[in-house]
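Here the structure of chain A is known, so what remains is to put chain B in place on it, guided by the hints.
Protein chains in written order, with my numbering: chain A, 2 to 402; chain B, 2 to 402.
Among the clues, some could well be false.
It does not matter which identical chain is meant; a pair holds if it fits inside one copy or across any two.
As the list claims (entries may be wrong) - Listed next, the in silico DSS-like pairs over lysine-lysine satisfying Cα-Cα at most 30 Å (straight line):
(1) K109 - K85
(2) K49 - K90
(3) K233 - K190
(4) K49 - K21
(5) K90 - K109
(6) K111 - K164
(7) K85 - K111
(8) K49 - K19
(9) K312 - K85
(10) K85 - K164
(11) K190 - K234
(12) K90 - K32
(13) K337 - K109
No lab work stands behind these hints: they were computed from the structure.
2 protein chains.
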Amino acid sequence: MKTIVMKFGGTSVAGIQKLKNIVNIVSAEVKNHKVIVVLSAMAGETNKLQSYLDELGEQNSIESDLVLTSGEQVTIGLLSSLLKAQDIKSIPLLGWQIPIITDNNHEKAKILKIDKKRIEFYFENYDVIVLAGFQGINIEGNITSLGRGGSDTTAVAIASAIKAERCDIYTDVEGVYSTDPNIEKKAKKISKMSYEEMLEMASTGAKVLHTRSVELAMKNNLTLQVLSSLTKKTGTFIVDEKELIEKEIVSGVSYSDKEAKVTISGILDKPGISAQIFSLMTENNINVDMIVQNISQDGISANITFTINQKDYHLTKSVLEKSNNILNYKSLILDKNVAKISVIGMGMMSQSGVAEKMFKTLAKNAINILAISTSEIKISVLIDVKHTNIAVKSLHEVYNL
Amino acid sequence: MKTIVMKFGGTSVAGIQKLKNIVNIVSAEVKNHKVIVVLSAMAGETNKLQSYLDELGEQNSIESDLVLTSGEQVTIGLLSSLLKAQDIKSIPLLGWQIPIITDNNHEKAKILKIDKKRIEFYFENYDVIVLAGFQGINIEGNITSLGRGGSDTTAVAIASAIKAERCDIYTDVEGVYSTDPNIEKKAKKISKMSYEEMLEMASTGAKVLHTRSVELAMKNNLTLQVLSSLTKKTGTFIVDEKELIEKEIVSGVSYSDKEAKVTISGILDKPGISAQIFSLMTENNINVDMIVQNISQDGISANITFTINQKDYHLTKSVLEKSNNILNYKSLILDKNVAKISVIGMGMMSQSGVAEKMFKTLAKNAINILAISTSEIKISVLIDVKHTNIAVKSLHEVYNL
Numbered sequence: 002m003k004t005i006v007m008k009f010g011g012t013s014v015a016g017i018q019k020l021k022n023i024v025n026i027v028s029a030e031v032k033n034h035k036v037i038v039v040l041s042a043m044a045g046e047t048n049k050l051q052s053y054l055d056e057l058g059e060q061n062s063i064e065s066d067l068v069l070t071s072g073e074q075v076t077i078g079l080l081s082s083l084l085k086a087q088d089i090k091s092i093p094l095l096g097w098q099i100p101i102i103t104d105n106n107h108e109k110a111k112i113l114k115i116d117k118k119r120i121e122f123y124f125e126n127y128d129v130i131v132l133a134g135f136q137g138i139n140i141e142g143n144i145t146s147l148g149r150g151g152s153d154t155t156a157v158a159i160a161s162a163i164k165a166e167r168c169d170i171y172t173d174v175e176g177v178y179s180t181d182p183n184i185e186k187k188a189k190k191i192s193k194m195s196y197e198e199m200l201e202m203a204s205t206g207a208k209v210l211h212t213r214s215v216e217l218a219m220k221n222n223l224t225l226q227v228l229s230s231l232t233k234k235t236g237t238f239i240v241d242e243k244e245l246i247e248k249e250i251v252s253g254v255s256y257s258d259k260e261a262k263v264t265i266s267g268i269l270d271k272p273g274i275s276a277q278i279f280s281l282m283t284e285n286n287i288n289v290d291m292i293v294q295n296i297s298q299d300g301i302s303a304n305i306t307f308t309i310n311q312k313d314y315h316l317t318k319s320v321l322e323k324s325n326n327i328l329n330y331k332s333l334i335l336d337k338n339v340a341k342i343s344v345i346g347m348g349m350m351s352q353s354g355v356a357e358k359m360f361k362t363l364a365k366n367a368i369n370i371l372a373i374s375t376s377e378i379k380i381s382v383l384i385d386v387k388h389t390n391i392a393v394k395s396l397h398e399v400y401n402l
Numbered sequence: 002m003k004t005i006v007m008k009f010g011g012t013s014v015a016g017i018q019k020l021k022n023i024v025n026i027v028s029a030e031v032k033n034h035k036v037i038v039v040l041s042a043m044a045g046e047t048n049k050l051q052s053y054l055d056e057l058g059e060q061n062s063i064e065s066d067l068v069l070t071s072g073e074q075v076t077i078g079l080l081s082s083l084l085k086a087q088d089i090k091s092i093p094l095l096g097w098q099i100p101i102i103t104d105n106n107h108e109k110a111k112i113l114k115i116d117k118k119r120i121e122f123y124f125e126n127y128d129v130i131v132l133a134g135f136q137g138i139n140i141e142g143n144i145t146s147l148g149r150g151g152s153d154t155t156a157v158a159i160a161s162a163i164k165a166e167r168c169d170i171y172t173d174v175e176g177v178y179s180t181d182p183n184i185e186k187k188a189k190k191i192s193k194m195s196y197e198e199m200l201e202m203a204s205t206g207a208k209v210l211h212t213r214s215v216e217l218a219m220k221n222n223l224t225l226q227v228l229s230s231l232t233k234k235t236g237t238f239i240v241d242e243k244e245l246i247e248k249e250i251v252s253g254v255s256y257s258d259k260e261a262k263v264t265i266s267g268i269l270d271k272p273g274i275s276a277q278i279f280s281l282m283t284e285n286n287i288n289v290d291m292i293v294q295n296i297s298q299d300g301i302s303a304n305i306t307f308t309i310n311q312k313d314y315h316l317t318k319s320v321l322e323k324s325n326n327i328l329n330y331k332s333l334i335l336d337k338n339v340a341k342i343s344v345i346g347m348g349m350m351s352q353s354g355v356a357e358k359m360f361k362t363l364a365k366n367a368i369n370i371l372a373i374s375t376s377e378i379k380i381s382v383l384i385d386v387k388h389t390n391i392a393v394k395s396l397h398e399v400y401n402l
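Isolated chain A (complex conformation):
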């Protein structure tokens, strides 16, 4: 019998009523599948546990992972109880009971190995395994957690390990949209897209799936479906590029207002200066995204502009201020009032003119482009955050989404 994996996040498991909704969804699939249900902790619970740790300043340790992984233990017990009450043969399992072996990086552990035999063993006696998401165990026998989006990763990893037919990620939206429906009401649900498109969407602002789980699904060629736990309509399938018969030139427009722009002016334009700046960023674990370098008119000094994540704003500021004795810049400006707008599509690879259309559309709307970055299937531009809505709406329209 084929196996299906389904994952439900913190808001879908917060309380007995919501868990009963999951029972309905599982009941429908269990007729012709073995099912693994991966659960997060109840949404409010995780916040409470995190607040204890914040009070103690405890993080990335055996201790913090023990505290953080206690919540899934409750939800899997309760869901399995509800399934049994419907005469569904179910067993709840924690990460270490499979085991899901990870490395030693507490709060951001990577999965190294999943023992498939144990799952097959349980499926001899049970039709549903209710598995705690987000957690694993390292070879020293300590509980680890997988970090943000960890339950998605658990679901994809276990589905890959047992070669599941499909991995369904249940959320509170009906799938992946051509853009954010909160900005553009005409946004439509994408029925099928490639891993690469989903990765670009996720890394440019769409919050549906964590990039890590998409990368893992791509590596294992596992079909993902993003769908709503409330409406039960078919969602968005994320598949190998080869399975897309007709590739959309642009399949979606995403945006992120979580960026900050850093401009360093009046530095001496000597070889290695930008390497020096970006080494500093790397040493301090600051991710740099778009980069623009201008040589000033005197031909001697240069300006460098790049974007960072807003959460690194203060760190970046202090690192660069402290380093002025080395860098010798004239001015340093950090600006949070920017947004990154991206258009994404597999068809871009074979089709020219996409960028041109983008720049023209923005120009027509008098939107200044502060920086540009591109990949084979994506073009991103940095603009003033006040133009976000009009940029998204006009691009969504011009590409006929």
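Okay, now just chain B, sitting in the frame of chain A:
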């Protein structure tokens, strides 16, 4: 280096402030001991988890034990974090990480085996093990819980396994008292008592320790100390009888108002009739305590009176009512307005007159005795509940406690 085990219950771990108090206690002991700290879940947390299970009617299962054992995971993580912050080398461990192997009886599992090697291994690198109480793992790899008073049992079992110097049970009272200080202000803390006395005290109403943990300590000849986590004064030591130099004739007076009296009147006094009644009780898991059987004046019919736990009141009533076609009694009376008063002391074994003094004292206070039961070191009487205070006070005085 010698090892000491200390256990803290739900009210002693409810919140960061209370956990900080435990850090102080551990700091003092860690200078010249390896320490195992056994913790319960935060008091309010267990109630919340139990309420989920009650809502689902889930009990005695893999599921209920998963839910119920999630709370200790939080407290051990937080305490270990606080210990580390004081530069104490500490590691938090769950029951399965030792492992504490139990049988398969979910929510009332018995410990079968504790792996001492794993503890010794951890003590090579750590000075304190913070162990989750109440929980174990069965040989099928499922988490089990030990039932009421389970953390006391964990503490005593682990202390026995590693031959600890002592097992300290921290509570919110300063030790075991000669009687309940809420009734008799003159009640004094007992400095040393035998396992047998403690067992009789616990089973006759004193709520300080669970009988199961005392039995286990007695079996392993482990010194227990009951003491307060707030005042840090020396508490009550519970030791082998041989270590008591001077045995008190009566060391304590306990009482229980959780009893109910059952009187079955007008049954045919034929052989086997009481066996029939008590088989019925056993079949329904109803514990019977004191028993009095009277033959009525006609020499044919008899009355049987016995006591049960109040929690079994309704079950007992329905079982006996349904069985009247077999038992053929004339009347059935159940009465909750009774109390059991017990005097306990190792010296009783060698000293006569204890019972006589008890009965005389009660008679002088016009207190009617409804039933009597005795052991080598205990005499219990059943009286009307309204006489509880005067009975406890007058007995406490007459035995010079």
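field: Up to 30 Å CA-CA - K85 versus K109, copy category
entry: between (33 Å within a copy, 21 Å between copies)
query: Which holds for K337 with K109 at a C-alpha limit of 30 Å: within a copy, between copies, both or neither?
result: within (27 Å within a copy, 58 Å between copies)
task: Using 30 Å as the alpha carbon limit, work out where K85 and K164 are close: within a copy, between copies, both or neither.
output: For K85 and K164, the Cα distance is within 30 Å only inside one copy (26 Å; across copies 43 Å).
- request: First find the shortest C-alpha distance between K190 and K234 inside one copy, then the shortest across copies, and answer within, between, both or neither for a cut-off of 30 Å.
  value: Within one copy only: 11 Å inside, 69 Å across.
task: Have a look at K90 and K32 and pick one of within, between, both or neither, based on CA distance no larger than 30 Å.
output: within (12 Å within a copy, 52 Å between copies)
query: For the identical chains here, do K312 and K85 meet the 30 Å Cα criterion within one copy, between copies, both, or neither?
result: between (44 Å within a copy, 28 Å between copies)
message: Cα distance capped at 30 Å. Does K85 pair with K111 within a copy, between copies, both, or neither?
response: between (32 Å within a copy, 25 Å between copies)
- request: Using 30 Å as the alpha carbon limit, work out where K90 and K109 are close: within a copy, between copies, both or neither.
  value: Close across copies (23 Å), not inside one copy (33 Å); limit 30 Å.
query: How would you label the pair K49, K21 (within, between, both, or neither) given a Cα cut-off of 30 Å?
result: both (24 Å within a copy, 19 Å between copies)
- prompt: 30 Å Cα cut-off: does K49 pair with K90 within a copy, between copies, both or neither?
  reply: between (32 Å within a copy, 26 Å between copies)
query: For the identical chains here, do K233 and K190 meet the 30 Å Cα criterion within one copy, between copies, both, or neither?
result: within (14 Å within a copy, 65 Å between copies)
task: Check K49 against K19 for me: Cα-Cα at most 30 Å, and say if that holds within a copy, between copies, both or neither.
output: The answer is both: 20 Å in one copy and 17 Å across copies each meet 30 Å.
In the structure shown, no violation is registered for any of the earlier numbered hints.
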